[in-house]
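Student: Residues per chain are reported as follows:
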Amino acid sequence: MSTLSVSVWRGTESGRFQEFTVPRLASQTVLDVVTYIQRTLDPTLAYRYACRVGMCGSCAMTVNGRARWTCRTHVDNVAQGERLEIAPLRNLPVVRDLVTDMTPFFDKWAGARGRFQGGATRKDDFARVAPGSPARQLADAGIECIGCGACYSSCDVVAWNPAYLGPAALNRAWTLVNDVRDTGNRARLAAVAGDAGCHACHTHMSCSERCPKQISPTASIAGLKRATMEAALKGEI
Amino acid sequence: MGDERLSVRTQVLLWTAQRASAVVLAVCVVVHLVTIIYAIRNGITAAEILGRTRGSYAWAGFYALFVAAVAVHAPIGLRSVLAETLNWRGAGLDLTVLAMGLALALLGFRAVYAVFA
Numbered sequence: 001m002s003t004l005s006v007s008v009w010r011g012t013e014s015g016r017f018q019e020f021t022v023p024r025l026a027s028q029t030v031l032d033v034v035t036y037i038q039r040t041l042d043p044t045l046a047y048r049y050a051c052r053v054g055m056c057g058s059c060a061m062t063v064n065g066r067a068r069w070t071c072r073t074h075v076d077n078v079a080q081g082e083r084l085e086i087a088p089l090r091n092l093p094v095v096r097d098l099v100t101d102m103t104p105f106f107d108k109w110a111g112a113r114g115r116f117q118g119g120a121t122r123k124d125d126f127a128r129v130a131p132g133s134p135a136r137q138l139a140d141a142g143i144e145c146i147g148c149g150a151c152y153s154s155c156d157v158v159a160w161n162p163a164y165l166g167p168a169a170l171n172r173a174w175t176l177v178n179d180v181r182d183t184g185n186r187a188r189l190a191a192v193a194g195d196a197g198c199h200a201c202h203t204h205m206s207c208s209e210r211c212p213k214q215i216s217p218t219a220s221i222a223g224l225k226r227a228t229m230e231a232a233l234k235g236e237i
Numbered sequence: 001m002g003d004e005r006l007s008v009r010t011q012v013l014l015w016t017a018q019r020a021s022a023v024v025l026a027v028c029v030v031v032h033l034v035t036i037i038y039a040i041r042n043g044i045t046a047a048e049i050l051g052r053t054r055g056s057y058a059w060a061g062f063y064a065l066f067v068a069a070v071a072v073h074a075p076i077g078l079r080s081v082l083a084e085t086l087n088w089r090g091a092g093l094d095l096t097v098l099a100m101g102l103a104l105a106l107l108g109f110r111a112v113y114a115v116f117a
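Quick mapping for you: the protein sequence lines, in order, are chains G and W. With the numbering used here, letter number 235 in the first sequence gets 235, and the count goes up by one each step, no holes. With the numbering used here, letter number 72 in the second sequence gets 72, and the count goes up by one each step, no holes.
Bear in mind the hints are in silico, worked out from the structure with no lab data behind them. These numbers were taken from a predicted model, which means no experiment stands behind them. Treat the hints with care, since some could be wrong.
Computed list of chain W residues with no C-beta within reach of chain G, every gap over 12 Å [said to hold, decoys possible]:
no., residue
1, 8
2, 14
3, 35
4, 107
Quick list of the computed label-pair ranges, beta carbon to beta carbon [claimed, not checked]:
no., chain 1, residue 1, chain 2, residue 2, range
5, W, 56, G, 144, 51 to 61 Å
6, G, 222, W, 38, 30 to 40 Å
7, G, 54, W, 99, 19 to 29 Å
8, W, 5, G, 64, 51 to 61 Å
9, G, 234, W, 40, 43 to 53 Å
Even glycine gets a Cβ: it sits at the ideal position worked out from N, Cα and C.
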C-alpha cells in the first residue's frame, strides 16, 4: 500500500512540525488525512471541522503553504512528491495544533457592520428584488461566502496592518451595500472606509486567488472604494 | 507625538487625491520623457532649452502641474509604506509626510521658476 508523508503543526504560536505516515487512498481529501492521524495515530491532535461538504467553513488550514478548505481539497491535487505540510491558518492566533481562534476574523465582520439592518416591519409587504437588477447581481457575486477565513489568512495587508478589516468582512459589507432593503449603509460606508478599511487594499488579489468559493473580494473592495469615495466627496461620511 | 488619527473622510479624500494625482502623473511623465528624448537626440544645448522655457507660460504651467502632482502623490504613498513597514501611524507620521510634501513642492516650484524667469 502506498503511503503519504505528512508534516503537521503541533503547538500554539510556537511549536514544531511532527511527521506522520498515512495510507494513501483513492479520492482522499486533506481532511481525511488529518482525521486518520487523529483517530488512528495520535488522538491528541486538535483540528476543527463540521460539515465535510464545503458548507460550514470551519476546516480551512494551510496546506503546503496555501490556505485551503481541507474537506474539498483532494490530496491528488496538492501533494508534492507524496508529501503534505499541514499548518493552521495564518494571520490568526493559534489555539492549538491546527485550530485557530477566529475571534478577530468575526470581530472584523462586526466592525464592517456586516449585519443586515432592515427598515421594514411585519406590517410591510415583502420586498421585491428583481433577480436581474444590477444591485442584486453585485450582491449575488459575493453572497456565497462561507466564512472559512482562507482569504484573511492569505492577505498580505492583514499581516502588515492588524487593524485592516480584511477581504471577507469587506466583501460582506459590499453585499449589504447592494441590498436594497438595507437601511444602514451610511454608517456602514463610514465603517469600511479609510486606512483600516477598503482603502488599505493593495489589490494583490491573493484573496480572490485562494477563495474556495471563487468569490472575488478584490472586486467587492473595489466597489467599496468607489462607493466610499462618492460618499466622502458628497460629505456623507 | 500623539496617536491622533485623521478623520475617515480625510483618509478617503487622501486616497482620492493620490489616485487623481496618479492620472496626472501618468500624462506628465510621458510628456517629460518625450521632451527629454527629443532634446537629447536633437542635440539641443542648455542655452537653447532655456531660450524656449524662459517666459513660456505653457512650459511653466506644465511643469508646475507636474510638481504639484508629485507633491500630492508621493507623501500619501509614503504614508502607507511607512505605516505598513514600520508600523508607524498617527499624527507624527502625518506631519512628517506633510513636511515632505511641502519640501517637494518648494523645491519643485523653485526649479520651475528658475527656468521660467
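Student: If a hint holds in the structure, say so; if it does not, say that too.
Tutor: We went through each hint and held it up to the structure:
no.	hint	result
1	8	violated (4 Å)
2	14	violated (8 Å)
3	35	holds (31 Å)
4	107	holds (28 Å)
5	W:56 with G:144: 51 to 61 Å	holds (59 Å)
6	G:222 with W:38: 30 to 40 Å	holds (38 Å)
7	G:54 with W:99: 19 to 29 Å	violated (52 Å)
8	W:5 with G:64: 51 to 61 Å	violated (39 Å)
9	G:234 with W:40: 43 to 53 Å	holds (47 Å)
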